[in-house]
Each structure stands twice: as structure tokens, then as C-alpha cells.
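Asker: Those protein sequence lines, which keep their order, are chains V and G.
Read in order, the letters of the first sequence are residues 0 to 491 in numbering that gives the first Met the number 0.
Read in order, the letters of the second sequence are residues 0 to 164 in numbering that gives the first Met the number 0.
Hints are supplied without guarantee of correctness; some may be wrong.
As the list claims (entries may be wrong) - Each pair of labels, with its calculated beta carbon distance range:
1. V/Thr352 / G/Asp51: 48 to 54 Å
2. V/Glu405 / G/Thr150: 50 to 56 Å
3. G/Asp27 / V/Gln449: 19 to 25 Å
4. G/Asp51 / V/Glu405: 49 to 55 Å
5. V/Ala45 / G/Gly37: 56 to 62 Å
6. V/Lys255 / G/Ala59: 52 to 58 Å
7. V/Gly347 / G/Asp68: 49 to 55 Å
8. V/Ala190 / G/Val122: 40 to 46 Å
9. G/Pro19 / V/Gln449: 41 to 47 Å
10. V/Arg21 / G/Gly37: 32 to 38 Å
11. V/Gly434 / G/Asp27: 54 to 60 Å
12. G/Gln112 / V/Asp359: 34 to 40 Å
13. V/Thr57 / G/Asp51: 55 to 61 Å
14. V/Arg150 / G/Asp68: 53 to 59 Å
By construction, these hints were calculated from the structure, which means they are not laboratory data.
A quick note: this is a predicted structure, and the numbers were derived from the prediction, not measured.
Ideal Cβ placement from N, Cα and C applies to all residues, glycine included.
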Amino acid sequence: MTRPIRKLLIANRGEIAVRIIRTAQRLGIATVLVCHDLDRESPAAALANEIVLIDGRTGVAAYLDGAQILSAAQKVGADAIHPGYGFLSENAPFAKAVADAGLIFVGPTAAMIDLMGDKVRARAFAQSHGVPVAPSVIEDDDPANFVAKARALGAPLLVKPSAGGGGKGMRIVRDMARLDEEIAQARSEGARYFGDGRLYVERFVEEPRHIEVQVFGDGKGHVVHLGERECSAQRRFQKIIEETPSPVLSPAMRAKICQAAVDLAKAANYANAGTVEFIYGRDAFYFLEMNTRLQVEHPVTEEVTGLDLVEWQLRIASGEGLPLAQDAIKTQGHAIELRVYAESPPRGFLPTTGPLLVFDPPEGEGVRVDSGFRQGQRVTSAFDPMLAKLIVAAPHRGAAIERAHEALREFVILGCETNLAFLDTLVTSDAFRAGDVHTGFIDTHPELAQSQALEGDELQRVLAATAMALPALREEAEDIPALHAMMGGWRN
Amino acid sequence: MRHGLEIDGVTHDVFLSPVPGGFCLHADGQETLIVCEGETQGYLALAIDGEDVDIRYAIAGEDIFLHMDGRHYHLKHHEPVRRFASGGGDEANAAARAPMPGTVVRLVAAAGQTVAAGDALLVIESMKLETTIRAWRDGEVAELHVSEGQTFERGVVLVSLVETE
């Protein structure tokens with residue numbers, strides 16, 4: 000049975016709100032954006048057919064306030080809520096409240112979010128359905144045995160809080176003599192960050208690659224995949240460059256990984272968009288986790304498949320089923336996404352703030368920019384410092400890297416320090432070109448983040464351009480002809 | 000007048016002078032020829048030493064943000080060290096005056112010393128910023144009117160030069 004979506008509330012902000020509104024409007028769906036006061040001047044607010052102001056102690060708190068957002072949706076008569084990514088997108092109680100209120104939650108069921116949100120249960124689920132998981136020991140209520148079993152796995156080991164995310168509390172143990180100590184610290188961090196001190200320990204893959212598979216399910220046992228994405232270029236466990244296809248997978252390995260993701264989603268009777276994340280290394284892959292939402296990096300999949308993933312989400316949510324069968328999904332070319340952040344790579348990637356005096360994204364064939372910012376807006380510390388996603392597509396990987404290099408150099412952002420130069424250094428590095436970047440690469444190559452000292456001709460050119468841009472210097476030069484004559488005399 | 004342009008924590012003393020058809024940048028003892036081929040607010044099309052370059056810029060107070068040759072730069076513009084003729088309008092006996100209140104960090108040159116344009120004469124500090132006062136032409140140091148550690152008010156004569164024969 001289909002339930003057409005006529006009015007969609009977007010429970011998010013920034014670039015993903017813009018992204019969702021564009022597709023909804025193309026499909027003839029009215030859009031309502033919840034909006035904190037700080038975002039009133041944002042492009043998303045300008046684009047939405049309607050906005051509902053929400054408040055909270057902070058901007059972030061407002062977008063996390065499920066009760067307020069649901070009541071806004073009911074007040075404006077929306078039939079569905081799209082949560083985007085982050086905020087309420089993986090909040091099972093919110094998904095349940097939306098469904099209970101008779102509205103469509105654009106995503107999987109609350110039960111599915113709940114299952115995949117618990118790493119221990121998700122892993123056990125994957126393992127029980129034949130999806131490879133890393134040799135591991137899961138914390139039971141027997142700490143003495145747990146450590147002994149962990150020791151038996153052998154080094155290197157990865158210790159993680161089972162409720163964790165974002166790399167918090169994660170530790171790599173290469174020296175087994177330190178195992179007890181590392182476990183104690185991970186437990187205390189897990190308790191502190193997530194209110195849950197349970198751990199799990201697994202065999203660590205050296206120089207691991209992050210490979211994830213985009214899947215869609217209809218909730219009735221039908222699942223398709225839209226290929227993989229590689230997201231190994233990370234700093235402190237945060238993705239900054241993503242691409243598809245992965246440069247490291249053979250066709251046979253690609254088919255195996257994609258099939259494993261489909262098997263998992265099928266076993267779960269998965270509905271809507273999901274991403275199954277794997278760790279890959281030494282010709283083996285292991286299930287990492289499943290994200291039950293649209294991913295930040297979904298555009299690279301869109302670029303090579305020619306499909307609109309938000310459209311797929313909305314069509315599935317309204318009960319239309321999967322738009323295409325597996326054999327009708329084709330991929331072509333290569334796509335790379337580069338996350339442009341307001342941050343200072345030389346100063347440990349510290350977030351930066353400032354006015355966007357000039358914000359002029361590149362344009363052209365094979366260049367796409369998804370952004371929730373516009374010129375004149377101020378970058379503040381209130382929200383995530385991602386300014387834009389630059390997505391490039393080309394017939395093959397080498398051409399995509401060249402296109403990324405050119406587009407990064409054409410991207411003009413004045414008034415706020417960004418990571419544009421760092422992204423350019425990284426994407427054109429020998430390691431990236433060779434497809435050798437693993438998830439620990441950036442953290443072990445801090446020199447990539449250092450800015451080169453300005454000297455010689457480049458320095459003179461920068462000083463010359465600056466002097467010409469400053470009215471005071473220009474006027475002085477133009478106003479003192481006597482001095483001019485005198486100086487001319489010196490030189491000649 | 001010399002302006003301070005700070006980049007990566009280093010301040011460069013610069014000024015522009017007109018030359019036929021363009022400007023000359025004087026910075027760090029080097030000269031760079033600039034021809035302006037076009038400009039609108041926020042854009043400059045320049046030929047720097049004969050090489051064409053398109054520039055985007057934005058100014059906010061003392062901050063200058065620049066995009067050129069595919070890269071971004073952030074500079075700070077510091078008040079110029081103003082120089083005035085020391086009375087009588089005698090160009091040969093000119094002096095440098097303090098652009099703002101400050102302290103003498105150190106004296107580099109001594110009275111009677113022969114100096115060439117660009118040579119450091121003394122270093123002052125104003126608003127927590129060190130500025131080197133340099134000889135604005137060839138000559139001889141007539142007098143250093145201040146001593147190390149001395150504080151001064153705006154407009155005070157710091158150093159004077161006389162032309163050598």
C-alpha cells in the first residue's frame with residue numbers, strides 16, 4: 000500500500016537540508032524546514048517552502064529536540080519527516096514516536112535503528128547471518144575471562160567501547176604487556192562518553208581500509224546495493240575524502256563485499272537507505288557497523304550511478320518499493336568527494352570561525368558542490384565546521400584526481416581559514432594517487448598538514464597583490480609624484 | 000610611507016611607488032614591477048614582473064584575505080611608519096617620526112654611520128608589534144633622537160638622515 004508524501008518536514012540543517020529540499024521540490028513535494036534562529040539566513044531556510052522556528056538552549060539542542068520537531072510536523076500537517084544525517088537520524092525513540100504519531104519516518108524502523116545502534120548486537124547479528132566479522136571477544140560479565148580471551152586472540156588488537164562511535168575510547172594494542180592497562184582506560188572512557196563501560200576487543204587490521212556499501216531495502220525482504228565507497232582518508236577517525244569505486248578492490252572482492260552487505264540487509268528485512276561499513280585489509284574484510292541513514296558521502300554514489308538517493312528514500316518511504324532491480328543499476332566512471340572544513344590543518348585541524356567575506360565555489364563539468372553556506376554568512380562554533388562537500392566525477396580515477404585538484408584551486412573562500420590547501424596536498428599526493436591511503440595514513444603523516452613557508456617569488460607576488468589591494472598604499476603612490484621622481488632617480 | 004604587511008608571523012616593510020604605466024613594490028630590499036590590467040571591487044587583474052595573475056581579495060579591518068594562483072593567503076596590514084621632512088622642507092635632511100606611541104626596542108645604527116636605502120636603523124615596538132625603521136635612502140645617520148628602552152609619543156622624531164656627498 001502506498002502513502003504518498005505531499006508535505007515533508009526536514010529535521011536537519013545545512014547542506015543536507017538543502018540537498019533534501021531540492022529533491023523533494025523536484026518531486027512536487029512541499030517542504031517545511033525546522034530552523035533555529037541561528038539558521039534563519041541560511042540557504043536551506045531561503046529554499047524551503049515553509050519554515051518553523053524551533054528553540055533550545057543551543058542550536059544543536061534545538062535540532063535534537065524530537066518532541067518539539069514532531070509537534071511542529073503535526074502542526075504544519077506534514078505527512079513525513081526526513082531526518083538527514085546526524086541529529087535525530089539514528090535516534091530509535093524518535094523514529095518510533097514519528098511512526099506512532101501516524102507520520103512517515105524517512106528511514107528504517109525504530110527496531111532496526113536500535114539493533115544497528117548497538118555495536119555488540121549488530122556484530123552478533125552479522126556473524127549469525129554469515130557476514131565476516133573480525134576475530135573478537137565480546138565483553139560478558141566476566142572481566143577476568145574477557146581479558147584472557149582477548150589475550151588469546153593475539154596482537155595487534157583493537158579495544159573499543161561497545162556503545163562507542165567517532166573513535167572515542169578506541170585503542171590499538173600492539174604490546175600485549177599493556178593489554179590490562181589499555182582495557183581499564185577504554186572501559187573508563189566508554190563509561191564517561193557513552194555511560195556504558197562494556198567493551199569489545201577484536202583483531203586489528205594493520206593499514207586498514209574503510210570500505211562501505213550503499214544498500215536500499217523495501218522492508219519486504221528485497222535489497223539492492225549501489226556499489227561501494229572507500230573512505231580511508233581519515234583524520235582522527237573522521238572521513239575527509241571519499242571515493243567510488245575503491246582503488247584497492249579487485250572485481251571479485253568488490254562483488255563479495257557488496258553481496259555480504261546485501262545479505263546482512265536482507266537478513267534484517269531492512270527498509271530504506273543504509274550503509275554497511277567494513278574494514279578491509281590483507282584480502283580480508285570484516286563487518287564494522289551499519290549506518291541506518293543517508294551518509295554524508297552519498298553524492299559519490301549518485302555521481303557514478305546517475306541516481307538520486309534522496310528520491311529513492313522518499314519513494315521507498317511512501318511504499319513504492321525499490322525503484323530499480325539490481326541488474327538495472329549500473330555504475331560509470333569515478334567520483335571523489337572532498338569535505339571542505341573551516342579548520343586549521345597546521346594547528347592540529349582546530350576548527351576556525353569567521354565571516355565568509357567571499358564564498359565562491361567552483362563550477363564546471365563533473366564538478367558539484369553541496370553546501371549549506373552562502374557568502375556573507377558567518378562561520379561560528381555553534382555547528383559542525385563543514386563548509387561544503389566538493390564532489391568531482393570523471394571517466395577514470397586519474398582524471399577525477401586532476402579535476403579535484405583544479406576545483407580545489409578554484410574554490411575561493413575569503414575570511415575564514417579552511418582545509419582547501421590540505422585537501423589539495425592530500426588528493427595529489429603520491430600515496431593517494433597510488434591508492435595507498437589507509438585509515439591511519441594522515442595521522443602518521445603530519446607533514447601533509449603543515450603549510451609551506453612563503454618565500455622568494457611567491458612571497459613577493461603575494462606582497463605585491465596585497466599592496467595593490469590596499470587603498471592606502473595605492474593612494475600614497477599616486478599622490479606623491481615628487482617622491483616618485485626621487486625614487487626613480489635612485490634606481491637608475 | 001612604509002606599511003607593515005604581516006604574513007606567517009613575519010612583518011615585511013613595503014611601499015608602492017609609481018613608475019610609468021604601473022607601480023613598483025619595494026619590499027625586503029627587492030623591487031617588483033606591477034601593472035594593473037583591470038580591477039573591480041574584490042578583483043584585481045595584475046601583471047607582476049610580467050606574469051599575468053587574477054586575484055580575489057577581501058579586506059576586514061587590518062585583515063587582508065587573498066586568493067591567487069590557486070592558493071589562499073591571510074595577511075595583516077600594520078599602520079605605516081610615517082616620515083616627514085624635519086622642518087624647513089629640506090629633503091636632504093629628512094627624519095622618521097613615530098607613527099604611534101611606542102618603545103624603542105634597540106638601536107641598530109649609530110650617528111655618523113653611512114647607510115644604504117633599506118638598512119635597519121632601529122627597532123620600535125608599538126601595540127605589541129615590532130617594526131624595523133629602515134633607511135629610506137642612501138645617506139649618513141645624522142642623529143638617533145631616542146635611546147633603547149625609551150617610550151615615545153606619536154609624531155616624535157626617531158632618526159634623521161643627511162645626504163652624503
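Asker: Hints first: check each against the structure and report whether it holds.
Answerer: Comparing the hints with the structure gives:
1. For V/Thr352 paired with G/Asp51, a C-beta distance near 34 Å fails the hint of 48 to 54 Å.
2. For V/Glu405 and G/Thr150, the Cβ-Cβ distance of about 53 Å falls inside the hinted range of 50 to 56 Å, so the restraint holds.
3. The hint said 19 to 25 Å for the Cβ distance between G/Asp27 and V/Gln449, and at roughly 23 Å that hint holds.
4. In this structure the supplied range 49 to 55 Å is violated for G/Asp51 paired with V/Glu405, their Cβ-Cβ distance being about 18 Å.
5. Under the hint 56 to 62 Å, the C-beta atoms of V/Ala45 and G/Gly37, about 32 Å apart, miss the expected range.
6. Taken as a hint, the range 52 to 58 Å holds for the pair V/Lys255 and G/Ala59, whose Cβ atoms sit roughly 54 Å apart.
7. Between V/Gly347 and G/Asp68 the beta carbon distance is about 27 Å. The supplied range of 49 to 55 Å is therefore violated.
8. Between V/Ala190 and G/Val122 the beta carbon distance is about 56 Å. The supplied range of 40 to 46 Å is therefore violated.
9. Roughly 42 Å separates the CB atoms of G/Pro19 and V/Gln449, a value that falls within the hinted 41 to 47 Å.
10. Look at V/Arg21 against G/Gly37: about 36 Å separates their beta carbons, and that is inside 32 to 38 Å.
11. For the pair V/Gly434 and G/Asp27, the beta carbons lie near 43 Å from each other, so the given range of 54 to 60 Å is not met.
12. For the pair G/Gln112 and V/Asp359, the supplied restraint of 34 to 40 Å is violated, since their beta-carbon distance comes to about 51 Å.
13. Distance hint for V/Thr57 and G/Asp51: a CB-CB separation of about 48 Å, inconsistent with the stated range 55 to 61 Å.
14. At roughly 56 Å, the beta-carbon separation of V/Arg150 and G/Asp68 lies within the given 53 to 59 Å, and the hint holds.
This entry does not satisfy hints 1, 4, 5, 7, 8, 11, 12 and 13, going by the numbered hints stated previously.
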